[in-house]
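The two chains are supplied separately, each in an independent frame; assemble them into the complex guided by the hints.
Sequence order for the protein chains is A and B.
The opening residue of the first sequence carries number 39 in the working numbering; numbering runs sequentially from there.
The opening residue of the second sequence carries number 4 in the working numbering; numbering runs sequentially from there.
Each hint should be verified, as a subset may be incorrect.
[Unchecked claim] To give an idea of the chain A side of the interface with chain B (calculated C-beta under 8 angstroms), a few residues:
1) L89
2) K91
3) G95
4) V110
5) R114
6) Y118
7) F126
8) P127
9) H128
10) M129
11) L137
12) V138
13) L141
14) Y171
15) L173
Source of the hints: derived by calculation from the structure; they are not laboratory data.
Even glycine gets a Cβ: it sits at the ideal position worked out from N, Cα and C.
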Amino acid sequence: MIRFEGVTKRFADGTEALKDISLVLPTHQLTVIIGPSGCGKTTLMKMINKLEKPTEGKIYIDEEPITEMDEVQLRRSIGYVIQRIGLFPHMTISDNVSLVPRLVGWSKEKTEPRVRELLDLVGLNPETYMNRYPLELSGGQQQRVGVVRALAGDPNIILMDEPFSALDPISREQLQDELQNLQQTIHKTIVFVTHDMDEALKIADSIVVMRAGKVEQIGSPQELIDEPANEFVQNFIGTERIRRQRSFGERRVKEYIALFDAEWQGQTQEVSLDSTIDEAFRVLENSGLERVAVADRGAIVAYASERHLLQAALLKEEGV
Amino acid sequence: MRNFIDTLISRQDMIQSAFMEHIYLSFVAVAIGIAIALPTGVLIARYRRYAEPIIGVTAVFQTIPSLALFGFLVPLLGIGSTTALIALIIYALLPILRNTYTGITGVDSSTIEAGRGMGMTRTQILRQIELPLALPFIMAGIRTATVLTVGIATLATFVGAGGLGDIIYRGLQSYNNALVLAGALPVALLAIGFDQILKWIEKRATPKGLNP
Numbered sequence: 039m040i041r042f043e044g045v046t047k048r049f050a051d052g053t054e055a056l057k058d059i060s061l062v063l064p065t066h067q068l069t070v071i072i073g074p075s076g077c078g079k080t081t082l083m084k085m086i087n088k089l090e091k092p093t094e095g096k097i098y099i100d101e102e103p104i105t106e107m108d109e110v111q112l113r114r115s116i117g118y119v120i121q122r123i124g125l126f127p128h129m130t131i132s133d134n135v136s137l138v139p140r141l142v143g144w145s146k147e148k149t150e151p152r153v154r155e156l157l158d159l160v161g162l163n164p165e166t167y168m169n170r171y172p173l174e175l176s177g178g179q180q181q182r183v184g185v186v187r188a189l190a191g192d193p194n195i196i197l198m199d200e201p202f203s204a205l206d207p208i209s210r211e212q213l214q215d216e217l218q219n220l221q222q223t224i225h226k227t228i229v230f231v232t233h234d235m236d237e238a239l240k241i242a243d244s245i246v247v248m249r250a251g252k253v254e255q256i257g258s259p260q261e262l263i264d265e266p267a268n269e270f271v272q273n274f275i276g277t278e279r280i281r282r283q284r285s286f287g288e289r290r291v292k293e294y295i296a297l298f299d300a301e302w303q304g305q306t307q308e309v310s311l312d313s314t315i316d317e318a319f320r321v322l323e324n325s326g327l328e329r330v331a332v333a334d335r336g337a338i339v340a341y342a343s344e345r346h347l348l349q350a351a352l353l354k355e356e357g358v
Numbered sequence: 004m005r006n007f008i009d010t011l012i013s014r015q016d017m018i019q020s021a022f023m024e025h026i027y028l029s030f031v032a033v034a035i036g037i038a039i040a041l042p043t044g045v046l047i048a049r050y051r052r053y054a055e056p057i058i059g060v061t062a063v064f065q066t067i068p069s070l071a072l073f074g075f076l077v078p079l080l081g082i083g084s085t086t087a088l089i090a091l092i093i094y095a096l097l098p099i100l101r102n103t104y105t106g107i108t109g110v111d112s113s114t115i116e117a118g119r120g121m122g123m124t125r126t127q128i129l130r131q132i133e134l135p136l137a138l139p140f141i142m143a144g145i146r147t148a149t150v151l152t153v154g155i156a157t158l159a160t161f162v163g164a165g166g167l168g169d170i171i172y173r174g175l176q177s178y179n180n181a182l183v184l185a186g187a188l189p190v191a192l193l194a195i196g197f198d199q200i201l202k203w204i205e206k207r208a209t210p211k212g213l214n215p
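So here's chain B without its partners, still in its complex pose (with noise of 0.2 angstroms):
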């Protein structure tokens, strides 16, 4: 324990900065994975045909073990932060994606044709609609898409782009316990608070009418 204080005080700067860039790695790859999947969500919601293979990708590229991809990325990307994004952005997509189309699907069918038969137009409706009742939905999956990139940024160190894994496999290099703990500690520490700070949030965004 006391060990691991000393540690904490004497690599201060490095923990810090890593954990500067972990944040840094998973906010960009959640925010771009949202710019990607919550309008693919929408349009696949729409036209559905192309939903399953959609879907279906993503599915596939979420099967993949994240050391595997990282692996994959570097002879095409090379290293560094680009790399680590895009590999983190794939994992990101799948929850965002299948909770938005989800959630503008399970929309009742009624209260769309209600909205038709008033002479709303489909953009409208998508926006008055669609999306206030789905939102709830497409809030869960970007918390678990938040709480999954956090920690399989821990990798990025593999292709050179920092972050907390740095510090856990300086750690592990060196068979310091307490290292290891202080990358370790930081990302639960993170994962948990996205968690919360979402959750607060997805509450937020449940429209007031649905649970009374």
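Extracted from the complex, chain A is given alone in its bound form (with noise of 0.2 angstroms):
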């Protein structure tokens, strides 16, 4: 478990990079700190292996402040795979995988298996590539050696600041479903930071988001998703997700009108008092205008915009 408690960070000019952040991230899960750039949340990351130091505050790794850790025994303690890869272009696959391992002297004959199962892993044939040098795979390949890297000491905490974030699409979701399933397998604690929203909801047991140095909110990504705590995180959520991500059955617009303006200047598009939230999401979509009419019988009763409606497909049942 790792615990931050009152962590602020400043910088020499004053600006505040974190302010009094008390959060804690559970073992054994992946946590997503999310959030728009220079919100802090890789300053927050980096605090973990002493790469940032707080101004004020503590963090502990299982109750243990750090403040008292050696931070060169600290990092090799825990795994670290950053963003533009960062593999050492010099060394062979196989020099770059067991480097910690090297480091924290290990036998030769502990590393080289650990290096092929490592490979093993990720789906890289340890024949093919173990002494092949990191320019000679694609950005795919690369980042699949990047996370085995940090696995490669066995630290019970892995940290990964936008790890995918350079990779085209199709490798992303390929390296975020390998990283899914390689947790099922290996139970670390990993802090994940993105600022991809998509990748949070899909790999994340719980989302920490975060806006200026603060957090927003903590949660699942169903949580975030069905209770978001403001209008920032429904907003970074984007409501399209959010439509995407949710059913809202059978529910009908009617049963709203409260929430909905009662008047409304401007052009709009017609929808019955009967029809459900969904259907009125697509009317308005289609109609691209702000508004749609809510018409009982010819007589238009009330204005409802895509805010509204969401809100509605947000209340929650016993609102109903």
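Encoded structure:
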């Protein structure tokens, strides 16, 4: 378990990258830290292996404060995958993967089988790839090596800093799938930083949404979709995505009239009182207008915007 | 031509010893140049705010015409091979220093961060990542310095340090073109030879993975 306690990061010029953050990243889970660029998500993650140091506050790994730990030892005990792959171009794949084991002094007899095992784990044939150099591999293959390099020393914690962001969409999807499968086997505590909500929703056990140095919401993907804590989270997940991930069933427009505006100036498209929320969404989308007019036998009773419909869709069942 | 060959044969001993002196001067100058410039380059790559002034100083040395530099040094150090060596070392510094600095600072910062994040110490990062990746640049600097030094070492004769410059100078004084050539040709061959050898080493020094 990784615990942040009142962590603040202030730079020399006085800007605060992180503001009094307290949170817990549970063991054996894949936690995604997400937020727009500059929100402090990478800074937060790099504090775990002391690449960044908090101005105030403390960080604990399994209730031990990391300030007490030697940074080199700490880093060797934590897997680290970085954004632009960061493989060493002058070392073979085998040398890259075995870096941490060599740093901590594993014997050759122990290291080599480990390298083979790891390459097998991500579908790279050891015979073919061990003695190649990183630049001879495709981007996707390189990042697979990047991932298993982080696993080599058998760390309990793995930090991943936007590891798939530089890949093409197809490789990215593949690696996300592989990471999910891998996590089923290895059950590590993974901290994964990204700005890609699709990625977060797909792979996360829990998601930490950040903005401007603060945590906006922590929850499982489903919780975030069902109950975004505020407008920011809702916008960040995106209306589109919430709709795609949720089914609104047979809920009908007429149940939510109270949410809608009674007055509206401007062009509209009519939907009937009996249509479902889904249908209203579709009409709104196809019309390209801002609102739909809800009509009861020809008379317009309310005007609904996309936001209104979304609120309706997000209302809990008991509200009906 | 005939004359030239005769000169070569009759002055064989003199040419041979001048040739050896020349190699000695160049080699020692470059070796000491490396011993000074390489660690300095590593240091200024780490403490970058000193980089500009230090490279600047060596660049100023470089702009002093070589004959003038020998001239400056004689009143200070007298004549002899020490004076010649010091002048040659000063010329060898800049290319090695600048290339070491450029090579190390040019290593991709994400590569360094990966090393740091995985728990490599600064020394390990320097020895296992920065230096191997900067090696092609450093070797190119040494190559430039060597060719430069072999050329400038011909001026060592003016401070009484010998070398092939002696032969050329003698030839000029006695209007003996064959003798001038007997000095100049080995200098050119030496420069080309060193350059080729170092080129080969440079190629070998380039880490394999860098140009697949």
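Mind checking the CB of V138 (chain A) against every CB in chain B and telling me if the closest is under 8 angstroms? Constraint on V138 (chain A) satisfied, holds at 6 angstroms.
Is the interface hint satisfied for P127 (chain A)? The criterion is a beta-carbon contact with chain B at less than 8 angstroms. At about 5 angstroms, which falls below the 8 angstroms cut-off, the nearest Cβ of chain B leaves the hint on P127 (chain A) intact, so it holds.
Taking 8 angstroms as the limit, does the beta-carbon of L137 (chain A) come near enough to a beta-carbon in chain B? holds, 6 angstroms
Y171 (chain A) was flagged as interface toward chain B. Is the shortest Cβ-Cβ separation under 8 angstroms? holds, 3 angstroms
The hint names K91 (chain A) as touching chain B; please verify it with the least Cβ-Cβ distance against 8 angstroms. violated, 13 angstroms
Hint check: 8 angstroms Cβ-Cβ cutoff, F126 (chain A) to chain B: Since chain B brings a Cβ to about 6 angstroms from F126 (chain A), closer than 8 angstroms, the hint holds.
Taking the closest Cβ pair, is L173 (chain A) under 8 angstroms from chain B? With a closest approach of 5 angstroms, the L173 (chain A) hint holds.
Using Cβ atoms only, decide whether L141 (chain A) comes closer than 8 angstroms to chain B, and label the hint accordingly. Because about 6 angstroms separates L141 (chain A) from the closest Cβ in chain B, which is inside the 8 angstroms limit, the hint holds.
Does the closest beta carbon of chain B sit nearer than 8 angstroms to the beta carbon of G95 (chain A)? At 21 angstroms from the nearest chain B Cβ, G95 (chain A) fails the 8 angstroms test, so the hint is violated.
Status of the L89 (chain A) interface restraint (C-beta, 8 angstroms, chain B): For L89 (chain A), the interface hint holds, since the closest Cβ of chain B sits about 6 angstroms away, which is under 8 angstroms.
M129 (chain A) as an interface hint toward chain B, with CB separation required under 8 angstroms: This hint holds: M129 (chain A) lies near chain B, its Cβ roughly 7 angstroms from the closest one there, short of 8 angstroms.
Against chain B, with CB atoms and a cut of 8 angstroms, does the hint on V110 (chain A) hold up? holds, 5 angstroms
Consistency with the previously given hints fails for numbers 2, 3, ordered from lowest to highest.
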